[in-house]
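**Q** Sequence:
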Amino acid sequence: MDFVGLSVRLTDEDVAVVTMCNGDNTFTLDYVRTWNQALDFIDTHPKIVGIITTGEGRSFSTGLDVDWLKAQTAQALDEYHEALHKLYKRILAIGITTVAAVNGHAIAEGAFIALVHDFRLMREDRGWVQWPEVHMKLPFTKTMVDIFKLKVPCVISHREALVFGKRLDAKRGVALGIIDRAVPAPSLMSEALVTLQKARGNMKLDRHFFGVMKEDLYTNYIRRESSAAKL
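Residue numbers (the working numbering): 1 to 231.
It should be emphasised that the hints constitute simulated quantities derived from the structure, not laboratory data.
All figures in this text were calculated on a predicted structure; none of them were measured in a lab.
Heads up, a few of these hints could be off.
So the derived label-pair ranges between C-beta atoms look like this [what the hints assert, rightly or not]:
{"hint": "1", "residue 1": "Arg33", "residue 2": "Glu13", "range": "27 to 37 Å"}
{"hint": "2", "residue 1": "Ala185", "residue 2": "Phe209", "range": "19 to 29 Å"}
{"hint": "3", "residue 1": "Asp14", "residue 2": "Thr73", "range": "21 to 31 Å"}
{"hint": "4", "residue 1": "Leu69", "residue 2": "Gln37", "range": "40 to 50 Å"}
{"hint": "5", "residue 1": "Lys198", "residue 2": "Lys137", "range": "17 to 27 Å"}
{"hint": "6", "residue 1": "Asp43", "residue 2": "Ala76", "range": "40 to 50 Å"}
{"hint": "7", "residue 1": "Gln75", "residue 2": "Val4", "range": "34 to 44 Å"}
{"hint": "8", "residue 1": "Ala185", "residue 2": "Asp30", "range": "36 to 46 Å"}
{"hint": "9", "residue 1": "Cys154", "residue 2": "Glu133", "range": "29 to 39 Å"}
{"hint": "10", "residue 1": "Gly177", "residue 2": "Asp2", "range": "26 to 36 Å"}
{"hint": "11", "residue 1": "Gly165", "residue 2": "Gln75", "range": "39 to 49 Å"}
{"hint": "12", "residue 1": "Lys198", "residue 2": "Leu69", "range": "17 to 27 Å"}
Straight line, CA to CA, 27 Å or less: simulated DSS-like cross-link-like pairs of lysine-lysine [what the hints assert, rightly or not]:
{"hint": "13", "residue 1": "Lys137", "residue 2": "Lys47"}
{"hint": "14", "residue 1": "Lys142", "residue 2": "Lys47"}
{"hint": "15", "residue 1": "Lys214", "residue 2": "Lys47"}
{"hint": "16", "residue 1": "Lys47", "residue 2": "Lys70"}
{"hint": "17", "residue 1": "Lys171", "residue 2": "Lys86"}
{"hint": "18", "residue 1": "Lys171", "residue 2": "Lys204"}
{"hint": "19", "residue 1": "Lys47", "residue 2": "Lys89"}
{"hint": "20", "residue 1": "Lys214", "residue 2": "Lys204"}
{"hint": "21", "residue 1": "Lys47", "residue 2": "Lys166"}
{"hint": "22", "residue 1": "Lys204", "residue 2": "Lys166"}
{"hint": "23", "residue 1": "Lys149", "residue 2": "Lys137"}
From the three backbone atoms N, C-alpha and C, an ideal C-beta is built for every residue, glycine too.
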């Protein structure tokens, strides 16, 4: 199924492969809506047991579309962040197993999209994960900080990734607990499938209750927004 800048392919293993394909795979409000359309499509297929998300080209996703950002009002940006946070939470609590196959740069929003998956694999030879907000003088929202702390509890990782905004290659990402495994580029997608299958084993997980468990673990502990967060 093709959407604007996004495609969903269903495999024989009952896995939905979501591919971002809009150049650098940058985010706008419309792209968040496209993501939700793709998830709506996946929701209509009850046999799907997992999602593998990747990018087309050299980037997984380089985050917010800066040109789009410059043309937005404060109200429009608030709407964007609200929609983006809902998307993060939706992926976090979806009732199927999710794997991010990070094929290249995952920056800012793109890094968070990877982070809200159950597992993250990254090609070992190219690309970095980065939250560059400190260099751009952009504060994190409470939702963003809470997601990072829930998924990556190590305070050293908070310092390196969020406070200093360092570029992290796959090896460093693994060391900091942000990336689960660094793999050779040719086997990225096959290893993502293996990861998904090993996670589930022979278990037949109820899709609704699996989502409830994730919601209890993750999204119920994410604060509602009132202002930008402080680290």
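**Q** Each hint: holds or not?
**A** A quick look at each hint next to the structure:
1. In this structure the hint that Arg33 and Glu13 lie 27 to 37 Å apart at CB holds, the actual value being about 28 Å.
2. A hinted range of 19 to 29 Å is violated for the C-beta pair Ala185 and Phe209, which are about 36 Å apart.
3. Range check, Asp14 to Thr73: Cβ separation about 43 Å, and the 21 to 31 Å hint is violated.
4. For the hinted restraint 40 to 50 Å between Leu69 and Gln37, the CB-CB distance of approximately 22 Å leaves it violated.
5. Between Lys198 and Lys137 the beta carbons are some 42 Å apart, a value that contradicts the proposed interval 17 to 27 Å.
6. Against the hinted window of 40 to 50 Å, the Cβ-Cβ separation of Asp43 and Ala76 comes to about 27 Å, which falls outside the hint.
7. For Gln75 paired with Val4, a C-beta distance near 23 Å fails the hint of 34 to 44 Å.
8. The given range of 36 to 46 Å is broken by Ala185 and Asp30, whose C-beta atoms sit roughly 30 Å from each other.
9. The hinted range of 29 to 39 Å is not satisfied by Cys154 and Glu133, whose Cβ atoms lie roughly 19 Å apart.
10. Separated by about 35 Å at the C-beta atoms, Gly177 and Asp2 satisfy the suggested range of 26 to 36 Å.
11. For Gly165 and Gln75, the Cβ-Cβ distance of about 27 Å falls outside the hinted range of 39 to 49 Å, so the restraint is violated.
12. Between Lys198 and Leu69, the C-beta spacing of about 39 Å breaks the proposed range 17 to 27 Å.
13. Proximity of Lys137 to Lys47 is assessed by CA-CA distance (about 44 Å); at most 27 Å being required, the pair is judged violated.
14. As the CA atoms of Lys142 and Lys47 are separated by approximately 35 Å, the hinted pair breaks the 27 Å bound.
15. Between the alpha carbons of Lys214 and Lys47 the distance comes to roughly 19 Å, so the proposed pair stays at or under 27 Å and holds.
16. For the proposed pair Lys47 and Lys70, the alpha carbon gap of about 42 Å is over 27 Å, so the pair is violated.
17. Restraint check for Lys171 and Lys86: not satisfied, since their Cα atoms lie roughly 30 Å apart, outside the 27 Å limit.
18. About 33 Å separates the Cα atoms of Lys171 and Lys204, which puts this hinted pair outside 27 Å; it is violated.
19. Distance restraint check for Lys47 and Lys89: the Cα-Cα separation of roughly 22 Å lies within the 27 Å cut-off, and the hinted pair is therefore satisfied.
20. For the hint pairing Lys214 with Lys204, the CA-to-CA distance comes to about 16 Å; that is within 27 Å, so the pair holds.
21. Only pairs whose Cα atoms come within 27 Å are accepted, and Lys47 paired with Lys166 is rejected, the gap being roughly 40 Å.
22. For the proposed pair Lys204 and Lys166, the alpha carbon gap of about 40 Å is over 27 Å, so the pair is violated.
23. As the CA atoms of Lys149 and Lys137 are separated by approximately 21 Å, the hinted pair is consistent with the 27 Å bound.
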